[in-house]
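J.: Now for the letters of each chain:
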Amino acid sequence: MKTLAKFLTAAALSTALLAGPALAAGKVKNAKDIAFSFEGPFGTFDRAQLQRGFQVYQEVCSACHSTDLLSYRNLGDHGGPEFPEAQVKAVAAEVEVQDGPNGDGEMFDRPGRPSDKFKAPFSNDNEARASNDGALPPDLSLITKAREGFHYPWYVSPFIKMWTGNGGPEYVHAVLTGYTDPPEKEADHAPEGKSYNAYFAAGPWISMAPPLTEDGVEYSDGTKASVDQMAKDVSAFLAWAGEPKMEERKTMGLRVMIYLLILAILMYLIKLKLWRDVEH
Amino acid sequence: MSGHSTYEPKNPLAKWFDKQLPILSMSYDFMVFPTPKNLNYLWTFGGILSMCLVIQLVTGIVLAMHYTPHVDMAFSSVEHIMRDVNYGWLLRYIHATGGSMFFIAVFVHILRGMYYGSYKAPREILWILGVIILLLMMMTAFMGYVLPWGQMSFWGAKVITSLFSAIPFVGDWVVTLLWGGFSVDNPTLNRFFSLHYLMPFVIVGAVALHIWALHIPGSNNPTGVSVKSGQDTVPFHPYITMKDGFAAIVFLVLFAFFVFYKPNYLGHSINYEIADPLKTPEHIVPEWYFLPFYAILRAIPDKLGGVLAMAGAIVILFFLPWLDTSRVRSAKYRPIFRQFFWLFVIDVVILGFVGANPPEGWWITVGQFATAYYFAHFLLIIPLVGLIENPKPLPASISESVLANHPKGEPAAQPAE
Chain H
0 MKTLAKFLTA AALSTALLAG PALAAGKVKN AKDIAFSFEG PFGTFDRAQL QRGFQVYQEV
60 CSACHSTDLL SYRNLGDHGG PEFPEAQVKA VAAEVEVQDG PNGDGEMFDR PGRPSDKFKA
120 PFSNDNEARA SNDGALPPDL SLITKAREGF HYPWYVSPFI KMWTGNGGPE YVHAVLTGYT
180 DPPEKEADHA PEGKSYNAYF AAGPWISMAP PLTEDGVEYS DGTKASVDQM AKDVSAFLAW
240 AGEPKMEERK TMGLRVMIYL LILAILMYLI KLKLWRDVEH
Chain D
0 MSGHSTYEPK NPLAKWFDKQ LPILSMSYDF MVFPTPKNLN YLWTFGGILS MCLVIQLVTG
60 IVLAMHYTPH VDMAFSSVEH IMRDVNYGWL LRYIHATGGS MFFIAVFVHI LRGMYYGSYK
120 APREILWILG VIILLLMMMT AFMGYVLPWG QMSFWGAKVI TSLFSAIPFV GDWVVTLLWG
180 GFSVDNPTLN RFFSLHYLMP FVIVGAVALH IWALHIPGSN NPTGVSVKSG QDTVPFHPYI
240 TMKDGFAAIV FLVLFAFFVF YKPNYLGHSI NYEIADPLKT PEHIVPEWYF LPFYAILRAI
300 PDKLGGVLAM AGAIVILFFL PWLDTSRVRS AKYRPIFRQF FWLFVIDVVI LGFVGANPPE
360 GWWITVGQFA TAYYFAHFLL IIPLVGLIEN PKPLPASISE SVLANHPKGE PAAQPAE
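Each protein sequence line maps, in turn, to chains H and D. Take the first sequence: its letters are residues 0 to 279, numbered as in numbering that gives the first Met the number 0. Take the second sequence: its letters are residues 0 to 416, numbered as in numbering that gives the first Met the number 0.
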């Protein structure tokens, strides 16, 4: 199936090249395809990668981006990064959460608990905009499902995307690694404080400065923290954040498929036996 | 179904009950209902559709227990279902994918009716009820897509409800009524949720009438020749129930493939972004099953004209039984119509692609030609072909056509042991 997907992708890319000029006009660049461990009908998340991705998220992304749909407890959930319980508690306890009102009607701060939602860096959108030169850093909970990294010509798109998906995780990786100097003709009217990124959906000018630098984080498992590696890890982490029940879904899917196929065969045999004596 | 039931309860309690409410004899009649023995697998889609309706009802009722119809909470309540409700992800993916599966099945069902002339006398009412069900399904699906309150939910709702403003004199009033205010907002979401919950039960009622109307003349069949004798039929149970059951399981394999492996393939990525009334998406497109009609809407450069054309594309189906001048039902015996039937299918697929792409450049021209052809199919081709065409000779009966399929000296069926 992987080979077929590769073949279809190659076919699409070559047609895309032929249709080049029409496609290039003001379009976003296609994200580079990455062989993530969670692709395909049997793919699962790589725990170590999710844990590294969380580290990148925690140390870099979460300074500006919220992830409202995650709770700290999710970090220990089956099918996710599966951090040990003590570590989940420690991560949660690092933030101060406002709670209350208490018996005196006062709001108070307390250390976070695993049941708390991820603490957002800003208390509201306006504060987020004010701190980021007017740009709103989007919530990352569903970013890998809401964005598409792959764009194909209309006559192949529905068929290829059946295999490749929309390329949401690839999109995140492409944006994180896709900062370049602007082409000369664009450089003259570069908006102030913005960077050039040909992969950015609302681009090519992006308000986010290149967030990753070589060895920007120090991985405890000894993995070299190259920009590409960190981008892959955090994309995988965000893919899990968007679809935390993916492993459960695929496991159940396999069982359901096997069940249905056996049932279909039995039903067919019953039907054959029943209709054998009827001319039809 | 015509005439008195042959069912006579033996048990005195059943006798007493059935005399007052003949639901037992009705069920019995359904079980033994004589059904043409030459039905092909396209006839299993009626049963598949009933299954789809039940799946949507059951998953939808449970989803409604966890969903919050409020603009500030709808989006996150859907994600709450996906993340925190036990098997919530399963319920939601079944319900979302189920909408598409329902439409796949209904399109096959309708095209089967068109190909084999199932809409012709004595089944016009049956056909009309079917078109009504299609309309109800479209309304239900449209309102259901608004409920997650993503970007496409919001902007889809805005575009489609705004169309009603094209109605002369009362248009603006109708739009305000649909919105419950002066923009798509919380009252809109509330009434859409209420109606999305109500409509499926209206569909259940219409389906009951549809099945009732089916049991008066009985099923059409691939030859289009009416049932002549008991030789032509088999009892509904077990012959059709088991065959339908097999087909339904195969359909469920397709269904499960999407639910478990491609749950978001049939939706729009951008609907995973929360609705923002200040940020218009680059392309606003409806769900795939609306695309051909969306293409027809946009093919007419005038707003009211577009709305009328889109509505006309469905309304024209009501008149199909009277637009068709041919007395032969099945396309099997109509060599010219058969080719036009497939051209019509291709035309609808083209309209689908047109609807999915931005109305620029040659897409506009293609959309206009395909729209013209859509209406020409019903208004010109169907009436004329029926007059010009020389149909092939019909078999004398269903049994005869079945025997003709099996050459002599080669018994198709093993004799009973």
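Watch out, some of these pointers could steer you wrong.
As the list claims (entries may be wrong) - Now the stretches of chain H that chain D is said to cover, found in silico as 3 or more residues with beta-carbon under 8 Å:
hint : stretch
1    : 79–90
2    : 128–136
3    : 209–221
4    : 256–265
5    : 269–279
Claimed, not checked - Some chain D residues flagged as far from chain H (calculated, every beta-carbon gap over 10 Å):
hint : residue
6    : Ile22
7    : Thr67
8    : Gly244
9    : Pro262
To be verified - Some chain H residues close to chain D (C-beta under 8 Å, calculated; not the full set):
hint : residue
10   : Leu68
11   : Pro182
12   : Val226
13   : Pro243
If you're looking for bench data, these hints aren't it; they were derived computationally from the structure. Values in this document were obtained by computation on a predicted structure and should not be read as measured data. Beta carbons are placed, not taken as given, at the ideal position from N, Cα and C, and that holds for glycine.
J.: Are the hints correct? Go through all of them and say.
T.: Hints and how they fare:
1. Residues of the stretch 79–90 of chain H lying with their CB closer than 8 Å to a CB of chain D number 0, which falls below the three-residue condition for coverage.
2. Interface restraint, the stretch 128–136 of chain H with chain D: violated (0 residues with C-beta to C-beta distance below 8 Å; minimum three).
3. Counting residues of the stretch 209–221 of chain H whose C-beta lies closer than 8 Å to any C-beta of chain D gives 0; at least three are required, and the coverage claim is violated.
4. Requiring three or more residues with a Cβ within less than 8 Å of a Cβ of chain D, the coverage given for the stretch 256–265 of chain H holds, as 5 such residues are present.
5. Coverage of a stretch by a chain is defined here by at least three residues with a beta carbon nearer than 8 Å to that chain's beta carbons; for the stretch 269–279 of chain H and chain D the count is 9, and the condition holds.
6. The beta carbon of Ile22/D is kept farther than 10 Å from every beta carbon of chain H, the shortest such distance being approximately 27 Å.
7. No Cβ of chain H comes within 10 Å of the Cβ of Thr67/D; the nearest lies about 15 Å off, and the non-interface call holds.
8. At roughly 6 Å from the closest C-beta of chain H, the C-beta of Gly244/D falls inside 10 Å, breaking its exclusion from the interface.
9. Against the 10 Å criterion, Pro262/D falls within the reach of chain H, whose nearest CB is about 7 Å from its own CB.
10. Nearest Cβ of chain D to the Cβ of Leu68/H: about 5 Å, under the 8 Å cut. The hint holds.
11. The beta carbon of Pro182/H comes no nearer than 23 Å to any beta carbon in chain D, farther than 8 Å, and the hint placing it at the interface is violated.
12. Evaluation of the Val226/H hint against chain D yields a violated restraint, the C-beta minimum of about 26 Å exceeding 8 Å.
13. Taking 8 Å as the C-beta contact cut-off toward chain D, the hint placing Pro243/H at the interface holds, the least distance being around 6 Å.
Of the numbered hints listed earlier, those contradicted by the structure are 1, 2, 3, 8, 9, 11, 12.
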